[in-house]
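Engineer: The primary structure of each chain is shown beneath.
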Amino acid sequence: MPAKSATSRKIMLLAPLLLFLGLAYVVPFLGVVRWSFTLPEPGLGQYRALFTDPLVQSVFFRTLRICLIVTAASLTMAYAIAYVWVRGSSLQRTLAEFCILVPFWISVLTRAFGWLAMLSNRGLINTWLQSAGIIAEPLALARNEFGVIIGMTHFLIPFAVFPIASAMRSIDERVLLAARGMGASRTRIFWTIFVPLTYGGLIGAALIVFVFALGFFVTPAILGGGRSVMVAELVYLRIFQSPDWGLGAAISVVLVLFIGILLALMRRFIKPAHLVG
Amino acid sequence: MPQSMHLGDSKAAEINAVSIGKTFGAFHALKNLSLDIGRGEFLTLLGPSGSGKTTFLMILAGFTAPTTGRLVMDGQDITNIPAEDRSYGMVFQGYALFPHLTVEQNIAFPLKVRGRSAADIKRKVGEMVARVGLGGHEKKLPAKLSGGQQQRVALARALVFEPAVLLLDEPFSALDKNLREMMQQEVKRLHQETGTTFVFVTHDQSEALALSSRVAIFNHGELLQVGRPQDVYERPANRFVAEFLGEINLLPLDTVSLEGDRAAGKFEERTIVLNRTMPMTGPNAVAAIRPEHMVICTEPQAADRNAITCRVEGATYFGASTKYHLTTRSGTSLAVSMPTAATSPIAPQTDVWVSWPMHQGFLLPAGS
Numbered sequence: 038m039p040a041k042s043a044t045s046r047k048i049m050l051l052a053p054l055l056l057f058l059g060l061a062y063v064v065p066f067l068g069v070v071r072w073s074f075t076l077p078e079p080g081l082g083q084y085r086a087l088f089t090d091p092l093v094q095s096v097f098f099r100t101l102r103i104c105l106i107v108t109a110a111s112l113t114m115a116y117a118i119a120y121v122w123v124r125g126s127s128l129q130r131t132l133a134e135f136c137i138l139v140p141f142w143i144s145v146l147t148r149a150f151g152w153l154a155m156l157s158n159r160g161l162i163n164t165w166l167q168s169a170g171i172i173a174e175p176l177a178l179a180r181n182e183f184g185v186i187i188g189m190t191h192f193l194i195p196f197a198v199f200p201i202a203s204a205m206r207s208i209d210e211r212v213l214l215a216a217r218g219m220g221a222s223r224t225r226i227f228w229t230i231f232v233p234l235t236y237g238g239l240i241g242a243a244l245i246v247f248v249f250a251l252g253f254f255v256t257p258a259i260l261g262g263g264r265s266v267m268v269a270e271l272v273y274l275r276i277f278q279s280p281d282w283g284l285g286a287a288i289s290v291v292l293v294l295f296i297g298i299l300l301a302l303m304r305r306f307i308k309p310a311h312l313v314g
Numbered sequence: 015m016p017q018s019m020h021l022g023d024s025k026a027a028e029i030n031a032v033s034i035g036k037t038f039g040a041f042h043a044l045k046n047l048s049l050d051i052g053r054g055e056f057l058t059l060l061g062p063s064g065s066g067k068t069t070f071l072m073i074l075a076g077f078t079a080p081t082t083g084r085l086v087m088d089g090q091d092i093t094n095i096p097a098e099d100r101s102y103g104m105v106f107q108g109y110a111l112f113p114h115l116t117v118e119q120n121i122a123f124p125l126k127v128r129g130r131s132a133a134d135i136k137r138k139v140g141e142m143v144a145r146v147g148l149g150g151h152e153k154k155l156p157a158k159l160s161g162g163q164q165q166r167v168a169l170a171r172a173l174v175f176e177p178a179v180l181l182l183d184e185p186f187s188a189l190d191k192n193l194r195e196m197m198q199q200e201v202k203r204l205h206q207e208t209g210t211t212f213v214f215v216t217h218d219q220s221e222a223l224a225l226s227s228r229v230a231i232f233n234h235g236e237l238l239q240v241g242r243p244q245d246v247y248e249r250p251a252n253r254f255v256a257e258f259l260g261e262i263n264l265l266p267l268d269t270v271s272l273e274g275d276r277a278a279g280k281f282e283e284r285t286i287v288l289n290r291t292m293p294m295t296g297p298n299a300v301a302a303i304r305p306e307h308m309v310i311c312t313e314p315q316a317a318d319r320n321a322i323t324c325r326v327e328g329a330t331y332f333g334a335s336t337k338y339h340l341t342t343r344s345g346t347s348l349a350v351s352m353p354t355a356a357t358s359p360i361a362p363q364t365d366v367w368v369s370w371p372m373h374q375g376f377l378l379p380a381g382s
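Chains as they are written, first to last, in this note's numbering: chain R, 38 to 314; chain L, 15 to 382.
Since the hints were derived computationally from the structure, they do not count as laboratory data. Honestly, I wouldn't trust all of these hints.
Here are some, though not all, of the chain R residues that point toward chain L, as calculated from beta-carbon distances under 8 Å [said to hold, decoys possible]:
#  : residue
1  : PRO77
2  : MET205
3  : ARG206
4  : SER207
5  : ARG211
6  : VAL212
7  : ARG217
8  : GLY218
9  : MET219
10 : ALA221
11 : ILE230
12 : PRO233
13 : ALA269
14 : GLU270
15 : LEU274
Even glycine gets a Cβ: it sits at the ideal position worked out from N, Cα and C.
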């Protein structure tokens with residue numbers, strides 16, 4: 038049957054990828070799952086610790102709080118950029134495209150240090166403000182949650198732009214014209230027609246940014262300066278600095294499960310193809 | 015009950031377009047167009063794609079600004095008034111319904127914009143839903159409706175705020191033939207009931223003739239002729255209008271002479287008498303006759319008819335009518351359309367006479 042051979046050919050094309058994902062992610066993850074139930078001794082002890090250890094609890098809540106703020110900030114800014122990118126003049130579009138693409142060429146590490154150079158006590162902003170006489174003591178812009186949020190938001194905005202821009206592009210221009218023709222003001226058209234028609238893109242963007250943010254390691258480690266540890270850094274600390282592999286593994290498992298649930302939710306709201314624009 | 019409802023004191027507007035021109039770069043979309051749209055009339059802008067009819071509609075709506083010329087509504091210059099302040103009703107090609115709003119919310123939108131009270135909105139929307147026959151669909155999203163139902167929502171939304179002018183941009187192009195005819199009747203009825211000025215754009219000549227009180231024919235950015243459907247169909251100003259409005263037979267005439275409101279000329283040695291509809295520029299002209307005005311017969315008939323000899327080449331059966339394809343002695347092709355019930359089949363290669371009443375042919379300049 039031709040249909041069957043076409044299907045099997047597709048599976049063969051996918052096979053190398055599936056094999057790679059299996060060996061590089063699934064097998065090691067199963068090992069992590071096993072540690073979470075066996076180290077330091079067999080049982081559910083590590084999972085119990087997740088719900089009782091105040092340090093773990095506080096890291097979880099901080100991670101959730103930072104991720105929510107970062108998501109809200111990224112979405113707001115990405116919406117403005119996407120709007121200019123999709124509906125601006127050709128010069129504005131080119132500029133927006135540049136702003137969206139350039140961050141992809143700069144590594145996350147470079148960007149985190151870049152922000153540190155801007156935000157630290159002896160960074161550009163504090164030096165300027167002090168030499169201008171506006172402030173006497175440096176502002177605490179880095180090595181805290183504020184710095185982490187700035188760095189993460191900056192990194193994640195471009196990822197939010199694509200699904201939002203894709204939703205904006207699929208709006209029928211005549212629908213907006215129709216609203217104008219009925220006497221609606223630009224503000225009303227924006228809030229009652231334009232924005233609701235991009236909800237799909239906003240939900241997709243929110244999930245992408247949130248899921249991405251949950252696993253952030255480098256940016257919080259550098260800009261948080263050890264004072265605002267997020268969940269990924271906690272896993273790192275448990276495994277590499279304190280011999281507590283079981284707890285680190287259990288945190289990893291919970292994180293992966295949580296992200297899996299979010300991704301399953303995302304599939305219900307938005308087609309994966311729309312996320313890349 | 016629909017008959018007893020009125021849209022209220024909707025005031026139909028009168029619009030005068032004065033020397034409107036529109037250029038897009040080097041392209042002249044409209045050239046010096048002047049047109050008066052009467053209060054409460056149903057005017058159709060007809061033309062092939064790229065003829066400027068949609069550009070003109072967009073200028074009327076206020077979505078496009080003319081490069082030159084003025085628009086006057088009820089004596090007031092509205093050339094620079096933007097679309098949102100003109101507030102004409104508009105039905106777009108593809109309907110342009112708000113996909114995230116229900117039928118009810120779509121129809122309520124223009125009323126909300128106008129800050130009407132909730133009770134007023136509820137009453138007006140209810141009336142409009144009944145008027146266009148959408149009862150029971152109020153809570154549905156547009157995607158759940160058929161093409162015809164979406165069309166009705168678009169009409170209801172455009173009429174609910176009692177606009178002085180309703181603009182319709184090829185509203186039926188996506189509908190199949192039966193539904194299209196039904197919606198045409200619906201639009202005609204809404205026009206009669208509301209008394210609003212309707213300006214309708216189409217490239218479908220039969221739709222234009224069936225619906226309009228007047229038809230304006232566009233080509234290459236120019237307004238070629240405006241008139242009642244009978245006038246433009248039977249007295250077209252030029253060859254383009256004659257051919258665009260329907261199939262037409264063209265017979266080249268020589269030695270044309272004028273006598274009062276009639277013209278006479280020779281075609282294959284026979285004298286052809288026609289209406290004189292335009293000034294003559296030379297001795298040559300073309301006789302234009304619609305296929306349905308001609309009949310095939312065995313004898314040249316009465317004195318008030320023209321007749322020429324032809325040979326039947328074939329026939330196409332259309333159900334209600336049959337179209338015969340013929341050639342004259344000199345090789346000019348002709349089409350004659352006759353009611354199927356009134357004729358018996360004629361075999362190809364038969365020599366026949368084709369005749370038509372003198373008042374139903376008209377003269378066109380040669381080679382235009």
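Engineer: Run every hint past the structure and note whether it holds.
Structural biologist: Do the hints match the structure? See the list:
1. PRO77: Violated - the Cβ of PRO77 (chain R) stays beyond 8 Å from chain L, reaching only about 55 Å at its closest.
2. MET205: violated, 14 Å
3. ARG206: violated, 15 Å
4. SER207: With Cβ-Cβ at 10 Å, over 8 Å, it is violated.
5. ARG211: The hint holds - ARG211 (chain R) has a Cβ within 8 Å of chain L, the shortest such distance being about 4 Å.
6. VAL212: VAL212 (chain R) check passes; min Cβ-Cβ to chain L is 5 Å, inside 8 Å.
7. ARG217: holds, 5 Å
8. GLY218: Interface hint status for GLY218 (chain R): holds (5 Å vs cutoff 8 Å).
9. MET219: holds, 4 Å
10. ALA221: Result: holds, 5 Å to nearest chain L Cβ.
11. ILE230: holds, 6 Å
12. PRO233: With a closest approach of 5 Å, the PRO233 (chain R) hint holds.
13. ALA269: violated, 37 Å
14. GLU270: Constraint on GLU270 (chain R) not satisfied, violated at 41 Å.
15. LEU274: For LEU274 (chain R), the interface hint is violated, since the closest Cβ of chain L sits about 47 Å away, which is over 8 Å.
Taken one by one, the earlier hints fail for this structure at numbers 1, 2, 3, 4, 13, 14 and 15, listed in ascending order.
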